[in-house]
Structure formats: structure tokens, C-alpha cells
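Please construct the entire structure, taking both the sequences and the accompanying hints into account.
Below are the chains, spelled out letter by letter.
Protein chains: 4
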Amino acid sequence: MAKTMRAAVVRQFGAPLVMEEVAVPTPQLGEVLVKVMACGLCHTDLHAIDGVQPALPLIPGHEVAGVVEAIGPGVSGLREGDPVGVAWLHDACGVCEYCVGGWETLCERQHNTGYNVNGGFAEYVIASARYVARLPERPNYAELAPILCAGVTTYKGIKETDTKPGDWIVISGIGGLGHLAVQYAKAMGLHVVALDVSRDKLELARSLGAELALEAQAPDTAEAIARETGGGAHGVLVTAVSRPAFAQALKLVRRKGTISLVGLPPGEFPTPIFDVVLNRITIRGSIVGTRLDMSEALQFVNEGKVSATIERAQLETVNEMLAELKAGRVNGRVVFDLLR
Amino acid sequence: MAKTMRAAVVRQFGAPLVMEEVAVPTPQLGEVLVKVMACGLCHTDLHAIDGVQPALPLIPGHEVAGVVEAIGPGVSGLREGDPVGVAWLHDACGVCEYCVGGWETLCERQHNTGYNVNGGFAEYVIASARYVARLPERPNYAELAPILCAGVTTYKGIKETDTKPGDWIVISGIGGLGHLAVQYAKAMGLHVVALDVSRDKLELARSLGAELALEAQAPDTAEAIARETGGGAHGVLVTAVSRPAFAQALKLVRRKGTISLVGLPPGEFPTPIFDVVLNRITIRGSIVGTRLDMSEALQFVNEGKVSATIERAQLETVNEMLAELKAGRVNGRVVFDLLR
Amino acid sequence: MAKTMRAAVVRQFGAPLVMEEVAVPTPQLGEVLVKVMACGLCHTDLHAIDGVQPALPLIPGHEVAGVVEAIGPGVSGLREGDPVGVAWLHDACGVCEYCVGGWETLCERQHNTGYNVNGGFAEYVIASARYVARLPERPNYAELAPILCAGVTTYKGIKETDTKPGDWIVISGIGGLGHLAVQYAKAMGLHVVALDVSRDKLELARSLGAELALEAQAPDTAEAIARETGGGAHGVLVTAVSRPAFAQALKLVRRKGTISLVGLPPGEFPTPIFDVVLNRITIRGSIVGTRLDMSEALQFVNEGKVSATIERAQLETVNEMLAELKAGRVNGRVVFDLLR
Amino acid sequence: MAKTMRAAVVRQFGAPLVMEEVAVPTPQLGEVLVKVMACGLCHTDLHAIDGVQPALPLIPGHEVAGVVEAIGPGVSGLREGDPVGVAWLHDACGVCEYCVGGWETLCERQHNTGYNVNGGFAEYVIASARYVARLPERPNYAELAPILCAGVTTYKGIKETDTKPGDWIVISGIGGLGHLAVQYAKAMGLHVVALDVSRDKLELARSLGAELALEAQAPDTAEAIARETGGGAHGVLVTAVSRPAFAQALKLVRRKGTISLVGLPPGEFPTPIFDVVLNRITIRGSIVGTRLDMSEALQFVNEGKVSATIERAQLETVNEMLAELKAGRVNGRVVFDLLR
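The listed protein sequences derive, respectively, from chains A, B, C and D.
Sequence positions in the first sequence follow numbering that gives the first Met the number 0 and run 0 to 339.
Sequence positions in the second sequence follow numbering that gives the first Met the number 0 and run 0 to 339.
Sequence positions in the third sequence follow numbering that gives the first Met the number 0 and run 0 to 339.
Sequence positions in the fourth sequence follow numbering that gives the first Met the number 0 and run 0 to 339.
Careful: at least some of the hints might be erroneous.
Copies of one chain are not kept apart here, so a pair can be met inside one copy or by any two copies together.
DSS-like cross-link-like pairs, simulated, lysine-lysine; straight-line CA separation at most 27 Å [stated by the list, open to error]: (1) LYS158 <-> LYS250; (2) LYS158 <-> LYS304; (3) LYS255 <-> LYS158; (4) LYS250 <-> LYS185.
In short, the hints are calculated from the structure, not lab data.
Right under this line is the structure:
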């Protein structure tokens with residue numbers, strides 16, 4: 000096995016990443032070494048790179064699809080060659096009220112891939128054996144990579160709206176997350192209204208099955224939704240990294256509706272008290288998904304019901320791709336294809 | 000039966016109510032005439048009096064405890080002399096998705112007592128036979144009156160936090176609603192933190208069973224709650240008619256916690272996106288309660304587990320009492336006692 | 000309007016129905032007269048005809064699709080000519096804990112169409128205005144009729160399994176109820192295993208989208224289901240009017256699975272205590288559906304996702320059709336088409 | 000540390016246990032050695048001793064309260080001297096849908112203390128570090144021991160009835176489990192009907208707060224419950240190891256009620272189809288509880304709301320105590336007190 004590997008490393012917050020040749024790490028107790036086949040690029044990587052919390056140097060990337068290359072001590076249930084995914088939840092404590100209660104994503108002692116442990120913008124990455132996702136045999140790595148974060152996050156976010164088949168959901172923002180959300184919502188029997196400011200993205204949403212695809216900032220959007228859905232949507236999933244999108248969501252739900260927030264723009268949004276109280280609105284944050292959510296999210300892909308629109312790129316272009324993402328010029332999801 | 004009755008009437012928005020002698024109304028199809036024994040005074044009466052929506056003249060008051068005096072055509076199941084309550088929900092359509100689905104309080108065609116139909120600041124009030132609450136035999140009318148709105152609203156609001164026995168709940172604001180909320184929470188097996196700015200009200204909360212009673216604006220309140228509850232409360236019920244109380248609630252819940260809003264201050268409160276998303280917080284409005292919630296809320300009173308602290312007043316003092324309420328000088332609940 | 004109408008009347012329990020010319024009834028307070036366009040034939044009609052409870056004479060039939068012909072006093076929201084459905088739930092009290100809590104189907108004072116009030120085996124039927132189902136404009140009456148009982152019953156029964164999109168459900172029995180259940184389950188994003196003893200019915204299930212269609216009595220059925228579903232189905236809907244089907248269901252669910260029972264064979268089935276306790280199995284009865292369930296069930300039909308397979312018959316053949324039903328020789332649902 | 004320890008060992012199925020001096024085991028990867036202070040005696044021990052599944056020799060006992068004596072490799076978060084509990088769930092796989100989804104008690108690869116790994120009828124027992132329960136400082140070991148199985152099992156079983164504060168629950172059987180169930184139910188805000196065949200046990204139930212305590216086999220029991228609860232209990236917890244108790248439960252619930260089964264008598268009970276379907280009854284098995292349930296169950300004890308009635312015994316009397324248990328002559332719970 001190789002002793003060194005290519006990696007895109009954050010050496011200084013806010014500065015461009017540096018392509019380096021670094022040592023391949025060795026899996027410790029309970030860990031495996033995963034050969035990265037593909038790794039998606041996520042908005043949250045921007046937080047890691049811009050220095051919100053973790054220490055340097057750091058290899059970002061938390062949408063890893065790869066294969067097990069080596070197995071550390073104390074690992075059972077995994078073998079070399081197994082196709083696996085490595086996601087934002089590197090590991091969790093396993094014993095707190097959240098871990099035991101089916102909410103490991105809220106564990107206060109979790110580690111996060113590409114954030115406070117090294118991630119997948121490299122040829123190899125260390126994963127915690129109990130926290131890898133199982134991929135199907137001979138997967139399309141590049142197409143599966145976005146499911147590891149964008150996919151599971153939107154799938155879980157939709158579940159958190161407490162909608163049921165036959166209900167209407169608004170997907171606000173049809174980017175890397177939203178274009179997957181439209182597909183999950185349809186596969187879950189929901190009726191979909193897609194909202195975006197870009198005509199291309201609305202066209203994409205229509206082609207993926209959205210019954211309605213509307214210009215988010217048009218003055219009659221809320222009215223149109225109320226009319227077509229018979230009083231407003233039952234749920235809204237806000238994927239747009241935009242504070243106006245958050246405030247708009249409150250105008251789009253019917254009484255007793257739920258707004259699920261998965262985007263992470265900085266700041267606050269104003270919540271109107273009368274509307275929320277008199278209409279019994281629920282506003283709920285949702286953060287990635289557990290291993291069980293992941294397994295379900297992957298199953299929809301395996302069955303051909305959800306498929307990521309990707310732009311393949313070489314890892315060496317990471318800085319250009321980060322610039323494209325910041326500028327909102329990415330259609331679907333950028334995936335670094337390590338097989339190229 | 001008398002042909003006229005005393006009533007406190009809104010003749011002009013924002014002006015003092017006028018005590019008048021008006022005609023006793025006659026119950027129509029499906030209606031009953033209720034002799035008012037007692038009627039509580041609620042913050043929402045201020046909205047009616049200050050002219051947010053309804054037409055004039057109007058008799059406010061929606062916390063009525065009384066007895067059936069006369070029965071209109073097409074009514075079954077009620078008899079003259081039955082003790083009944085008349086609440087905010089005068090009636091609802093009975094056939095919409097909310098009425099049929101157990102959420103009649105969200106019916107878009109509901110009428111509201113003392114708001115768009117005449118209410119209980121009078122010797123008699125018309126009620127919809129199917130929407131009255133059944134009171135126990137020989138009730139203490141004045142003590143039951145506040146349950147018809149303040150009681151059921153807080154009881155429902157606590158249910159909406161999705162907490163379970165053994166969990167911690169913060170009751171923010173220990174006024175007419177909050178002092179009942181503390182008692183409901185205790186009867187429901189919860190641990191209670193009471194928050195208020197008044198020492199008297201905190202003392203009242205302690206005497207009603209709150210494990211902690213803290214000065215809302217003290218700098219270490221959030222820390223103290225986190226420490227005593229092992230990471231933050233599972234739920235927060237915001238009864239305070241105050242925007243800062245809404246914003247503060249977000250600092251008091253643990254991950255996966257729920258904030259239930261029942262107060263109705265005008266305006267908006269700023270919701271911090273990172274906190275809500277990363278900690279999976281749920282914010283939910285809650286508005287009064289259905290007839291089923293009402294029946295449950297009354298049952299706790301009948302069993303002696305919940306008891307309203309009231310200040311009895313004569314209806315003729317309505318304008319003085321409204322001034323006291325606005326000034327925050329009421330302890331517990333003002334009830335107009337028509338038997339005096 | 001006609002003063003008399005054709006009707007199939009039960010004059011004596013267990014005896015053939017008699018075709019008679021009887022008076023067209025007049026709608027009373029809160030009632031409407033519905034002109035019957037089509038009425039489905041349901042297993043429960045056999046209970047009515049064989050005399051389990053009601054008094055005679057009786058006109059059976061509770062899957063009515065028709066139009067409002069005349070309106071009684073005190074009715075609002077309906078007009079002559081409106082297309083409506085009349086279902087098992089003729090009316091309910093509207094004020095009990097079940098009616099107010101979203102479970103009107105459990106009201107202890109309900110009346111049932113074709114059971115203790117006259118039903119739709121006639122040219123006209125009286126309905127309670129608040130309890131009719133709203134049908135789309137210009138409906139296919141005969142095809143909608145079975146939704147009024149068979150459709151809503153299976154739709155509700157599937158909801159009661161607490162399964163979610165992506166889960167596996169077994170539909171046990173592919174008759175009048177089961178062939179609709181397969182379609183509802185698919186529209187709700189579920190994976191379906193169909194079980195029956197008839198090859199024709201299994202073929203029908205496959206054509207309606209069932210992923211698996213298995214011979215119910217084959218020795219390896221439980222094993223095959225465990226293998227294909229990865230440990231057993233998440234839910235089982237038992238529509239078969241057969242006690243062995245009830246007992247078999249317990250072998251088909253995975254741990255934490257739910258069995259929903261909607262069929263009504265007489266008698267008991269043996270429940271093995273160890274299996275139910277150690278595997279945390281839930282067994283739940285489900286009875287028709289509320290008006291809200293009905294509205295949702297009809298919506299799936301309106302969207303073209305569910306469609307009843309029917310055999311049209313003339314009302315005069317009612318006794319022959321009852322014999323066919325008892326003999327299990329009906330494919331899909333028999334509907335009396337009053338337009339023929 | 001001692002190299003050998005006293006232990007009660009099953010050498011032959013169905014034969015008396017043998018007191019032996021055996022080697023103190025050494026904790027392996029992820030394990031701790033626990034010094035047993037007290038160990039309760041449970042009905043399930045009879046299954047282990049009578050040879051339902053596991054291999055011999057075996058040390059039974061799965062209600063262990065003790066202290067950590069030694070720590071194996073790879074363990075974090077525990078120190079020597081920590082007071083801990085060891086329960087039926089020795090460990091689970093940690094990665095399956097049940098473990099990740101908050102239902103580790105259904106893991107198909109779990110090990111069970113005193114059943115397929117050695118248990119606490121000995122001076123020391125091996126535990127899996129991640130699966131021990133945390134006990135409070137300086138606990139009363141003997142009084143806590145029964146909570147580790149009987150306590151958590153009934154607490155979870157009550158939760159599984161989906162009842163809420165103010166509802167009525169029937170606790171059927173007031174033995175080792177039932178006398179704790181009465182206390183949990185009261186602490187959870189429920190109204191309690193206790194059922195048993197023994198006057199002493201009914202008296203105990205009354206003293207623990209049961210509103211009603213009724214002779215289980217009296218002819219008017221179901222009627223009395225229906226009358227006092229206004230239509231039947233909302234939930235029934237069947238702890239009695241008796242098939243008639245299972246069948247009786249169906250007569251005690253109101254419409255939409257839930258019966259939770261935690262006892263494990265062999266065999267089946269007959270389920271009447273009409274009652275279950277028409278009344279929408281839910282029957283649900285419940286098996287012990289997760290670590291989260293355990294933590295909650297212990298918290299009620301720490302707060303003084305639940306307290307086990309115990310009979311202390313020396314481990315050497317294990318065969319006599321087993322005979323007493325079989326004969327139904329135990330009041331509350333037998334606990335082997337290793338400190339004596």
C-alpha cells in the first residue's frame with residue numbers, strides 16, 4: 000500500500016487549500032482506512048475552510064464513497080474491499096441519551112468528518128467502523144457521494160415535516176440539496192412545489208417530478224401555492240442558504256403545517272408571533288441524519304428513485320470549485336472523482 | 000325570565016366599555032342561552048376592545064361559567080339548569096379537515112366568543128349547544144371560569160411541547176396563564192422551572208410546586224437551568240406576553256427540545272438559524288384547546304390538582320380591571336362574579 | 000320527483016332480499032336526499048342481511064355514490080346536484096371524546112348506513128348532510144362507489160400499520176379490499192407483498208404493482224418474505240376474512256412490526272405470547288375511516304393512483320350477487336349500477 | 000483481588016442450582032468486572048434454569064446492582080468504584096436498525112445477562128462497559144436491584160400503552176412487576192386500577208396509590224372498571240404470568256385503548272376479532288427497556304417516587320427462593336443481598 004497520498008489541506012483559515020502529499024494514516028482501535036473513490040463538495044465545507052471552529056491543518060470533505068482498504072484492531076463486521084460511505088458523523092459517544100434514543104446526530108461528543116477529524120478531500124480517509132454507511136455492491140461512487148450528506152439531510156428534513164403521502168410540500172431552493180429533496184419527496188408520495196430564483200433550477204425540478212415550480216420572488220407565489228394546494232402546503236423544507244427563504248416559508252404553510260430548516264445561512268430570521276400561534280405552525284431545525292436515516296436514504300437511490308445530478312471534478316480543482324459554489328453557479332452537486 | 004340584562008359593551012374601539020341594559024337574546028337553532036355566573040378577564044379581551052378585527056357593538060368575555068337558562072330548537076343532550084362553560088371557540092364548521100381531524104381550534108370558519116359574537120361580560124350569553132363545556136355538578140363558578148381559556152390554553156400548550164413525565168419544562172411568565180401552567184405541569188409528572196420578573200409570582204410558583212423559580216432577567220438564568228436540568232429543559236412554555244421571553248426560550252432548551260408559544264405579544268422575535276438547526280429545536284405556536292382538551296383540563300381541576308388563583312370583581316369595575324391587567328398588576332386571574 | 004322507488008329490502012333475516020316499490024323518504028333536519036347512482040356490495044352487508052343486530056325491514060348498502068336530490072331544513076354547504084358519497088358512518092354524535100378527537104368512527108352513538116338506517120340498495124337514500132363525502136365534478140359513480148367503504152377501510156388500515164415510505168407491507172387477501180390496498184400502499188411509497196390463495200388474484204396484484212405476490216398457503220411463504228424484505232415486513236394488513244390469515248400475519252412481520260386487521264371473520268385467533276412480547280409486535284384493529292380519511296382516500300383516486308376493479312350489476316340481481324360474494328367468486332368489487 | 004468467587008450455577012437444566020467456588024473472570028476488550036452487591040430474582044430466571052435456550056454451565060441473574068471492580072482494555076467513561084447496574088441487555092451490536100433507531104432491546108445479536116452470558120448470582124459478574132446502567136452515588140443496592148429488570152420493564156410497558164397524564168390504566172397482576180408498575184403509573188400522572196387474585200397484593204396496591212384495587216376474578220370486575228373510568232381504561236398493562244389475564248385485558252379497555260403485555264406465560268391467548276376491529280384495540284408486546292428507558296426508570300427511584308418492596312435473602316438460599324417464586328408466595332421482589 001502507498002505510504003503517502005494526495006490531499007487538499009487547509010493550512011490557513013480563509014486561504015486557498017493546498018494540494019500536498021501527506022502520510023496515509025493508520026487505523027486505530029475500532030477504525031478502518033477507506034480508499035476514497037469520490038467525495039462531494041458541500042456548503043458546510045465552507046464553514047470548515049473559513050475557520051468557524053476546528054484546528055489546523057485539516058483535510059475537509061464529508062461526502063465520501065469508497066472501499067475499505069485496511070482494518071484496525073477491534074473491528075468486526077467489515078472486510079477489506081467492502082464499499083462504504085463516510086459521512087459528517089464520524090462517530091458519537093454511543094451511550095448518551097441521544098445516541099441511545101435514536102438521535103445520535105445530536106450527541107454532544109460527536110466528531111465530524113472533514114471538520115474536527117480529517118475528511119475525504121484525499122486519497123484515503125480514516126473512518127470509525129461502526130459509523131460507516133454500507134453501500135451496495137459495485138456502486139457508482141461518484142453518484143452516491145452526494146447522498147452521504149445532501150441526500151440524507153434532505154431525506155431526514157422531509158421526514159421532520161411530519162407530512163404523509165398525498166400531502167403537499169414546498170422545497171425552497173433547488174440546489175445540491177433541493178434537487179435531491181424533490182426526488183425524495185416524490186418517492187415518499189408527496190406533492191411537490193419547487194421554489195427557486197433560477198429558471199434552470201425550476202426546469203430541473205419540473206423534470207424531476209415537481210407538480211409546481213415557481214419563481215421564489217414573484218409577488219404572487221404565496222397566493223398561487225395557497226390556491227393550488229387548497230390552503231397552503233402541509234410542509235416546507237427550506238434548503239436555501241438565504242434568510243429571506245426562511246421568512247417566506249411562514250407564508251406558504253397551511254394551518255398546523257411544519258417548516259423544516261436544513262440550510263445554514265448565518266444570522267437570524269424574524270418569526271411573526273401571531274401567525275405562528277394562531278395557525279399552530281411548527282418550525283423545526285434538522286441536522287443531517289442518523290445511520291438509520293442514511294440506510295433508508297441510500298435505499299431510495301438503490302431502487303432508482305433518487306439520483307444525484309453531479310458535476311465531476313478533479314481534486315486539484317478544489318479551489319475553483321469552492322469559488323463556483325460560493326457564487327451559486329453549481330447545478331446539482333460537485334463531486335471530486337478520485338478515479339479520474 | 001328577564002327581558003333585559005346588564006352588559007359591558009364596547010361601543011367605540013379603544014374607549015372605555017359602557018355598562019348598559021340590553022335585550023336578553025333568544026337562542027336560535029342549535030343554540031342555548033346561558034346565565035353567566037362568572038366570567039374571567041383575559042389578555043385577548045384587550046385585542047377585542049382595542050379593535051383588531053370585529054364589528055361593534057360587542058360584548059367581550061370568553062371565560063364563562065354558568066348554567067343553561069333556555070334551549071333553542073334542534074338541541075339535544077342539554078337541559079335547563081345544566082352547569083356549562085362557554086369558551087373562545089363559540090362554534091366551528093364541523094366538517095373541514097381541522098374539525099374532523101381533532102383540530103377544531105384551527106377551523107377557518109370558527110366564531111369566537113366575545114370577539115365576533117357576544118360574550119360573557121353580561122348576565123346572559125348565547126352559546127352553541129355542541130360547543131359548550133360540561134361542568135361538574137354544583138361547581139365553584141368563579142374558580143372554574145379561568146380554566147375555560149387560561150387553563151385549557153396552558154394545558155394544551157404543555158401537551159404541545161411533547162414532553163413526558165420525568166422531563167423538565169420551563170414555564171416562562173407566572174401570570175394568569177403561567178400560574179395554572181405550573182400546576183398542570185406538576186400534575187402531568189413534569190419537573191418545573193418557573194421564570195418571571197416578579198418575586199411575588201416566583202414565590203407563588205414555588206408554593207404551587209415548581210422545583211426552581213428564577214428571576215427571568217438574571218444573567219445566569221440559562222446557566223442555572225442547564226446545570227439543574229442536566230443540559231437544558233426538554234420543553235419551554237412561553238406564556239409571557241413579551242418578545243424577549245420568546246427569544247430567551249431558545250437558550251433554555253436542550254437539544255431536541257420544544258418551545259411552545261401561547262402568549263400573543265404583537266410583533267416578531269428573532270430566531271437564530273444555527274442554534275435551531277444544529278440542536279434540532281422545535282418552535283410551535285399553540286392556540287387555546289379543543290373541546291377534548293377542555294374536558295381533560297377541567298378534569299384536573301375536578302380532581303383538585305389544579306386551582307386558579309382569582310381576584311373576584313364586580314362587572315361594573317370592568318374598566319378599572321382592564322387598566323390593572325394592562326399594567327401587569329393582577330395576581331392570578333380577575334373574574335367577574337355575577338353572583339355578587 | 001318520484002314518490003316511490005325501487006329498493007332491495009330485507010324482510011326476514013337470512014331470507015333473500017325482496018325487490019319492492021317503497022316510498023321515497025323525505026329529508027328531515029340536517030338531512031339530504033341522495034339519488035343513488037351506484038352502490039357497492041360489501042361483506043358487511045352479509046352481517047346486516049343475516050341479522051346480527053338491526054331491526055327490519057331494512058334496505059342494506061353503504062357504498063353509495065350519487066347526487067343530492069333534495070335538501071332538508073337546517074342544511075348548509077350542500078346544493079341540489081352536488082355529487083356525494085354516503086358511507087358506513089351515517090352520522091355520529093359530534094360531541095364525544097371520539098368525535099372531537101378525530102376518531103368519529105368510534106363514536107358510541109353513531110348510526111350506520113344500510114345497517115340501522117336504510118342504505119343504498121335503492122334509488123334514493125337519506126344521508127346526514129354533515130357526514131356525506133364530497134365527490135369530484137362529473138365522477139364515474141360506479142368506480143367511486145367501492146372507495147366509500149373498501150377504499151377508505153384499506154387506506155386507513157395501512158395508515159394504522161405506522162409504516163413509512165420505503166417500508167415493506169404485506170397485503171393478505173387480494174379481494175374487494177385487498178386489490179385497493181395494493182394500490183394505496185404503492186401510492187404511499189411502500190413496497191408490497193401480496194398474499195392470496197388464488198392465482199388470478201395474485202396476477203391482479205402483480206399488475207397493480209406488488210413487488211412480490213405469493214401463494215398464501217405455500218410452506219415457504221414466511222421464509223420467502225423474510226428473505227426478500229430483510230427480516231420480515233414492517234407491516235401487515237389483513238383483509239382476508241379468514242382466521243388462518245390472522246394467525247399467519249404474526250409470522251410475517253419483523254421485530255417492532257404492526258399487524259392491522261380490517262377483515263371481520265367471526266371468532267378468535269390464537270396469539271402467541273412469546274412472539275408478541277419478545278419481538279414487540281403490535282396488533283391493531285381498524286374500522287372504516289373518518290371523513291378526513293375518506294377525503295384523502297378519494298384524493299388518491301382523483302389523481303389516478305387508485306382505481307377499483309368492478310363488476311357492474313343490476314340491483315335486481317342482488318340475491319345472485321350475494322351468493323357469488325359468499326362463494327368467493329367475485330373479482331374486485333360488485334357495484335350495483337342504478338344508471339343502467 | 001480474590002481469584003475465586005461464590006456462585007450459584009446451573010449445571011443441569013431443571014435441577015437445583017449448585018453453590019460453587021469458581022474463578023473470577025477477567026474483563027476483556029470493552030468490558031468491566033462488577034462486584035455484585037445485590038441481585039434480584041426474576042421470573043425469567045426460571046426460563047434460563049429450566050433450559051429454554053442457553054448452554055451450560057450458566058450463572059443466572061440479571062438484576063445486578065454493584066460497583067466497578069476492574070476495567071478491561073478500550074473502556075472509557077467508567078472508573079473503579081463507580082456504582083453500576085447490570086441488566087438483561089448485556090450488550091447489542093450497536094449498528095443494526097434497532098440499535099441505531101432507539102430500539103436496542105430488539106437487536107438480533109444481543110447477549111443477555113444470566114442467560115447466554117453469566118449473570119449476577121455470584122460475587123462478580125462481567126459487564127459490557129457501554130451497556131451498564133449508571134447508579135446514583137452511595138445507592139441502596141438491594142432496593143435498586145429490582146429496578147434493573149422489573150422496574151424498567153414495567154416503566155417501558157406503561158409508556159407503550161400510549162396513555163397520557165389523566166388517563167386510566169389497569170395494572171393486571173401486583174407481584175414483583177406490578178407493585179412497581181402501580182408506582183410508575185402514579186408518578187406518570189395516571190389513574191390506576193390494580194387487579195390481582197390476592198387480597199394482600201390488592202392492599203399493597205392501594206397503599207401505593209391505586210385508586211381502585213379489584214379482585215381479578217370477581218364477576219363484575221369489567222363492569223366496575225367501565226363504570227368508574229367512564230367507559231373502560233385507556234390502557235392495560237398485563238404483568239400477570241397468566242393466560243386468563245391476557246384474555247381479560249380485552250374486556251377492560253375502552254375504544255381506541257392499548258393493551259401492553261410484559262409477562263411471559265407460555266402458550267397463546269385467544270383474540271376476539273370483532274372486538275379488536277370494531278373498537279380499534281391495540282395489543283402490543285413490550286420487552287424490558289433500552290438504556291435510555293433504564294436511566295428514566297432509575298430517575299423516578301432517585302426522586303423517591305418509586306420504591307421496590309423487597310425480601311432480602313442470602314445467595315445460598317437460591318433454590319428455596321426459586322421454589323417460593325414458582326409457588327407465587329413472594330411479596331414484591333426477592334433480592335440476594337451479597338453484602339450480608
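*Intra- versus inter-subunit Cα pairing at 27 Å for LYS158 with LYS250*: Answer is both: 21 Å inside a copy and 25 Å across each meet the 27 Å cutoff.
*Between copies, within a copy, both or neither: which fits LYS255 and LYS158 at Cα up to 27 Å?*
Both: 16 Å inside a copy, 15 Å across copies.
*How would you label the pair LYS250, LYS185 (within, between, both, or neither) given a Cα cut-off of 27 Å?*
Within one copy, since 23 Å is at most 27 Å while 32 Å is not.
*Indicate which option fits the pair LYS158, LYS304 if close means a Cα-Cα distance not exceeding 27 Å: within, between, both or neither.*
both (17 Å within a copy, 22 Å between copies)
The structure is consistent with each of the numbered hints, conforming to all of them.
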